[in-house]
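Asker: Please arrange chain G on chain D, whose structure you already have, making use of the hints.
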Amino acid sequence: MKRLTDIAFPLLLAALVLGGWEAAIAHWQVPQYVMPAPSAIARAFCANFTSLMESLFSTLSVTLQAFFAACVLGVAAAIGFSQSRLLERTLYPYAVILQVTPVVAIAPLIMIWVGFEHINLALVIIATIVAFFPILAGATLGLKSADFNLLDLARLHGASRLQILWRIRLPTALPYLLSGMKTAGGLALIGAVVAEFVAGSGTATGLAWRIVESGNRLEIATLFAALALLAAAGVLIFAALSLLEWALLRRWHESAISQAA
Amino acid sequence: MSLLSLSRVAKRFANGTQALRDLSFTVAPGEFVSLLGPSGCGKSTALRLAAGLLAPDAGKVDFPHGKPQIGFVFQEPTLMPWADALTNARFPLDLKSMPRREADVRARAVLARVGLAGFEHALPRELSGGMKMRVSLARALVAEPKLLLLDEPFAALDEITRNRLGDDLLRLWREDGLTILFVTHSVSESSYLSQRVLVMTPRPGRIAADIALPHSRDDRLSAVTVEAQRTISAELNQATA
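These protein sequences, in sequence, are chains D and G. The first sequence begins at 1 in our numbering and counts up by one. The second sequence begins at 1 in our numbering and counts up by one.
One chain only, chain D, in its complex shape (with noise of 0.2 Å):
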């Protein structure tokens, strides 16, 4: 019956916002250059679906890269952390300042070193910069939080550093890797976007730049169309982290079974 209501009450909510939203323009008379109806924003999706789904896959495919990009380079950092004191000390200070450096103010910078022959390479590249950080903070606090008395006892069983770092460390960490991947995984998508915007005209071909254009030429409902799709992205994202982080944790770890119960 709960399981009822989470679903059929957002609908209802969902409904009655966007019936009021045709309603309030086709009372008022908006200008569809201002504000466009649901309806309008529908034929503009489908009058545009082709090209839309183009932009669509360009910024997935962006994103997605980014993402796995992170995590590789996320987790590798952590785990070269969690080796050497000394290799944290000196390291993450810098992965601070990437991390509270405006993207959008070292985009163009990338944009030219990259060089705009590959634009593809630059946006993954900025976007991977935005979705870093929280998987190395994820990772990092992860590894680090193996039970002391487990270490011990692998010590006292002549564990080596690669056994408790397999057995014990990673496993430890998961819970917080998948935390931090969660949050990775939207800001990829405003990593790409906001890469999208830096690229500008005619190289860029996402959903971003999308926007951008139709909103040049005031095609205000293929804009909201372009909008819309972002947004089922992000929420695609969202919920393919949350199945994944339920199918890990579920047996064991109390975030997860406390969702399940």
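Hint data in this document are derived by calculation from the structure and do not stem from the laboratory. One or more of the hints may lead you astray.
[To be verified] One-sided and incomplete, this derived list gives chain D residues near chain G with beta-carbon spacing under 8 Å:
no., residue
1, Lys144
2, Asp147
3, Leu150
4, Asp152
5, Leu153
6, Ala154
7, Arg155
8, His157
9, Gly158
10, Gln163
11, Leu165
12, Pro171
13, Trp246
14, Ala247
15, Arg250
16, Ser255
[Claimed, not checked] Label-pair distances were calculated between CB atoms; the ranges are:
no., chain 1, residue 1, chain 2, residue 2, range
17, G, Val105, D, Ser160, 21 to 27 Å
18, D, Arg250, G, Gly16, 30 to 36 Å
19, G, Glu227, D, Trp166, 29 to 35 Å
20, D, Arg155, G, Arg171, 55 to 61 Å
21, D, Leu87, G, Ser39, 45 to 51 Å
[Unchecked claim] Example chain G residues on the side facing chain D (calculated, C-beta under 7 Å, incomplete):
no., residue
22, Leu53
23, Leu54
24, Ala55
25, Val61
26, Phe63
27, Gly66
28, Pro92
29, Phe119
Glycine included, each C-beta is placed from N, C-alpha and C at the ideal position.
Answerer: Structure of chain G alone, referenced to chain D:
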């Protein structure tokens, strides 16, 4: 000759606290020895020194017959929450890279010995506190140790479970000819379980009394056990006064 000997051991923590000073005692092969003292007297530190997890600042931790295989049980079960009972019990063998099949056979056998046959695939969160401690005990026994070190293993359990686990520990000790060093702050536990009770002073800890309990105590409430409790309590009061 003794199996384990600590002579004039001192240990200071990083924060400057002198945990142990002039701690000396020996444990003979096959003995069940309790290390009894008030909280914070350095009992656990002494146990970690014996295990080689800590190095003494002064003095010597020595194994005259060579360092034996050691099993260690913590106050908390200290299990891997993502791994089932079998995998947890198998952990020391996995670290030695023993072939999986052989390791599984041994882990199953040792789980059965601590009364957990049928629970091989239960995760720690599905087990009660006492059962988790049994898994921990199984893990300590799976590598067939000569010396078993236990750090207040039953302190967090209710009395019924604690007594039952105590009896099981005695059975395992007799069956395997183990040598046991058992850290506790319970007079009754030490009087019932051990052959010798080493009473420690408050920090910095050293041995205040070495009480031999040669009579067999098959009953927690027998006159012999109660008499032993009286002796231990008297020594403990004197040591902490």
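Asker: Compare the structure with each hint and give your call.
Answerer: Hint-by-hint comparison with the structure:
| no. | hint | verdict |
| --- | --- | --- |
| 1 | Lys144 | violated (17 Å) |
| 2 | Asp147 | holds (6 Å) |
| 3 | Leu150 | holds (5 Å) |
| 4 | Asp152 | holds (5 Å) |
| 5 | Leu153 | holds (6 Å) |
| 6 | Ala154 | holds (6 Å) |
| 7 | Arg155 | holds (7 Å) |
| 8 | His157 | holds (4 Å) |
| 9 | Gly158 | holds (7 Å) |
| 10 | Gln163 | holds (6 Å) |
| 11 | Leu165 | violated (13 Å) |
| 12 | Pro171 | holds (5 Å) |
| 13 | Trp246 | violated (14 Å) |
| 14 | Ala247 | violated (13 Å) |
| 15 | Arg250 | violated (11 Å) |
| 16 | Ser255 | violated (12 Å) |
| 17 | Val105/G x Ser160/D: 21 to 27 Å | holds (24 Å) |
| 18 | Arg250/D x Gly16/G: 30 to 36 Å | violated (46 Å) |
| 19 | Glu227/G x Trp166/D: 29 to 35 Å | violated (53 Å) |
| 20 | Arg155/D x Arg171/G: 55 to 61 Å | violated (29 Å) |
| 21 | Leu87/D x Ser39/G: 45 to 51 Å | violated (39 Å) |
| 22 | Leu53 | holds (5 Å) |
| 23 | Leu54 | violated (9 Å) |
| 24 | Ala55 | violated (13 Å) |
| 25 | Val61 | violated (14 Å) |
| 26 | Phe63 | violated (14 Å) |
| 27 | Gly66 | violated (15 Å) |
| 28 | Pro92 | holds (4 Å) |
| 29 | Phe119 | violated (15 Å) |
Of the numbered hints stated above, those contradicted by the structure are hints 1, 11, 13, 14, 15, 16, 18, 19, 20, 21, 23, 24, 25, 26, 27, 29, listed in ascending order.
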